[in-house]
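K.L.:
Working from the sequences, and respecting the hints, build out all of it.
First to last, the sequence lines map onto chains A and B.
Using our numbering, you'd call the opening residue of the first sequence number 1103 and step up by one each time.
Using our numbering, you'd call the opening residue of the second sequence number 238 and step up by one each time.
Mixed in with the good hints there might be a few duds.
What the hints assert, rightly or not - Calculated pairs, DSS-like style, for lysine-lysine (alpha carbon to alpha carbon, straight line, at most 25 Å):
id, chain 1, residue 1, chain 2, residue 2
1, A, Lys-1244, A, Lys-1168
2, A, Lys-1244, B, Lys-275
3, B, Lys-437, B, Lys-452
4, B, Lys-508, A, Lys-1304
Keep in mind the hints are simulated off the structure, nothing from the lab.
All of these numbers come straight from a predicted model, not from anything done at the bench.
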Amino acid sequence: MASYVIRRILFAFPTLVVISLIIFAILDLAPGDPTGQLPLTLPPEVRQAIQDSLGLNDPFLVKWVKWMQLMFINEPLNAIDSIFGTCIGDCENRARIISWSSRAPAVDVIYQRLPQTLWVLGISFIFGTMLAIPIGVISAYKQYSAFDNVGTFVTMVGYSVPTFFTGLLAIVVFSVWLGWFPSFYDTTLVVNSWETFVAQVKQMIMPVAVLTLFNAAALSRFTRSSVLDNLNEDYVRTARSKGLTENKVVTTHVMRNSMIPVVTLIALSVPGIFAGAIITEQIFRINGLGQLLIISIGQSDVPMVQTLTFIFAVLIVIFNLVADIMYGILDPRIRYD
Amino acid sequence: MATTQQQVEEGVDTGQLGLGEKHRSLKADVWRQFRRHKGALAGLILLTIIVIATVFGPLLYPADPFEIDVASANQTPSVDHPMGTDNLGRDVLARILIGGRISLSVGFAAMIFGVIIGMGIGIVSGFFRRLDGPLMRITDLFLALPILPLLLVVIMLFREPLKDAFGPELGIFLLVVFVIGVTSWMQTARVVRGDVLAIKEQEFVLAAHSIGTRKRRVMTRHIAPNVLSPVMVAAALGVAVAILTESALSFLGLGFPADFPTWGRLLFDAKDYLQLNPMRVIWPGVMISLTVMSVNFIGDGIRDALDPKLRSKG
Chain A
1103 MASYVIRRIL FAFPTLVVIS LIIFAILDLA PGDPTGQLPL TLPPEVRQAI QDSLGLNDPF
1163 LVKWVKWMQL MFINEPLNAI DSIFGTCIGD CENRARIISW SSRAPAVDVI YQRLPQTLWV
1223 LGISFIFGTM LAIPIGVISA YKQYSAFDNV GTFVTMVGYS VPTFFTGLLA IVVFSVWLGW
1283 FPSFYDTTLV VNSWETFVAQ VKQMIMPVAV LTLFNAAALS RFTRSSVLDN LNEDYVRTAR
1343 SKGLTENKVV TTHVMRNSMI PVVTLIALSV PGIFAGAIIT EQIFRINGLG QLLIISIGQS
1403 DVPMVQTLTF IFAVLIVIFN LVADIMYGIL DPRIRYD
Chain B
238 MATTQQQVEE GVDTGQLGLG EKHRSLKADV WRQFRRHKGA LAGLILLTII VIATVFGPLL
298 YPADPFEIDV ASANQTPSVD HPMGTDNLGR DVLARILIGG RISLSVGFAA MIFGVIIGMG
358 IGIVSGFFRR LDGPLMRITD LFLALPILPL LLVVIMLFRE PLKDAFGPEL GIFLLVVFVI
418 GVTSWMQTAR VVRGDVLAIK EQEFVLAAHS IGTRKRRVMT RHIAPNVLSP VMVAAALGVA
478 VAILTESALS FLGLGFPADF PTWGRLLFDA KDYLQLNPMR VIWPGVMISL TVMSVNFIGD
538 GIRDALDPKL RSKG
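P.N.:
And the structure:
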């Protein structure tokens, strides 16, 4: 198991390097120039000097390697220093990735906004899984029952209705008509008392519910079809014939085998979950990473967009890694290939 | 199309290939099973209605989707304006109809593009063992990309040059179709590869090789038709994904410009008038949801209909 985990982790690094190359290449090949916004009266040599100072005229590979050094060496070192209060090497003058619009280190801005995104995403993911797996298993076990028919239809609706519509619908119904929840996320709220905690819960309910519905719908569809595939297998008949209770057959034998494809599909749908989070943040005006991305794109803040897209890629690779490891735990055959 | 192989097998069994005898053909069996799936049938009918409405609706419905009439702005639904009017007094129904054309054509065009790439990569990767590893690594890599952020970035960066090259509508259309297609082929490629790996070991492929058929011809003539069934399911789901992605891009303000009202764009424009005119949000949202839902149901129906285990029960 340990060697399997290590192999998976080692494989994640080249993936990240190639992804960083793709992200970097897209932004680099694009037309446009950050000095294009400066006044036309600027003398050409000054413009040239600004471009040189930003390193814009270096060859592509040089720029990429420089950026990789910042992203893979300097920023992690800086993170370690600020967590443990250490100072590795020349920590005072270490180069950072600087946002063009805010002039602050991009990673610091991202670090401020990461918790909001992870909270909303994490809670909705946990709720979604907790809802989806029982629904999927019961639907499959009682195929064509009323529960299954209703469940299948509801999950199909949840799967088809986009988050930007359910979000707006939730605002129309619960904020405009009923007035139960605030329509916008109050980003300045500090939780320090019961009242503020209640306010925080209230403003998180709608975004979390919207994302939960989206996650649960896709997941319970996968779970249902996976359990259906397994229920007709020979090993289920064997388990029944040796006198195991139905409960035991379903929960230990069928569930464990059905979860294998579900875990794969969770891993594959992680980019979609992040996309859902970006849209949800935009609707409810949550000051998370998605909103930062949209703002930075609007401002053509290339270093920020590069860093953010890369952070999304890192998060996706980490989730895939977790899924791979889960896969190894669930299916012992996988570990030995 | 998807039935070639089984038809050939049936034909060989009974020795009456292509004589058009009245036996139960696979196509008819598949169609019968498809009709049995109520959701799929309803989806097919609904999608047909939506397509007809968006194709012919703007010709029949008299209101001009671009005519500004500030005097009658922000109206609720009435006889004159069945879906009300927007903040500039434009008729919402007319805009929904014309917007559906763009949304649906983006959906279908991006799906076709994505499916062609996916099928190509899947067949090549299943057929040539040497290319299998690299191509599958590329597929895995694409699956790990943060798609939506990259789409947003690409559109932001390449919108202006394409607008200059092809004009505002065609330029954005090509860009959106291209980026959605390029980022949505991976599932098709994986499924197709798996099927090709199984099919290429079968006797009829060996037979084709043995009579000296060229590799390219084996791939296009013998292998491609036999992987069409998973491709059809992937295509149905691909339309749904493409429509959703286009709407999401437009909703984030990075899709079509305001003069070209796609459903996502209409939703984006309507969200600022949520308090004043909530119905304006409902219409485009319902249209997107209904279209995507019917396409998803059709995909489910095709999958069930092509599954021989389910079909033989019926």
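K.L.:
Now, for every hint given, state plainly whether the structure supports it.
P.N.:
Hint check results:
1. A/Lys-1244 with A/Lys-1168: violated, 58 Å
2. A/Lys-1244 with B/Lys-275: Holds - the C-alpha atoms of B/Lys-275 and A/Lys-1244 are around 19 Å apart, at most 25 Å.
3. B/Lys-437 with B/Lys-452: holds, 11 Å
4. B/Lys-508 with A/Lys-1304: Cα-Cα ~21 Å, so holds.
The structure fails hint 1 only (numbered hints given earlier).
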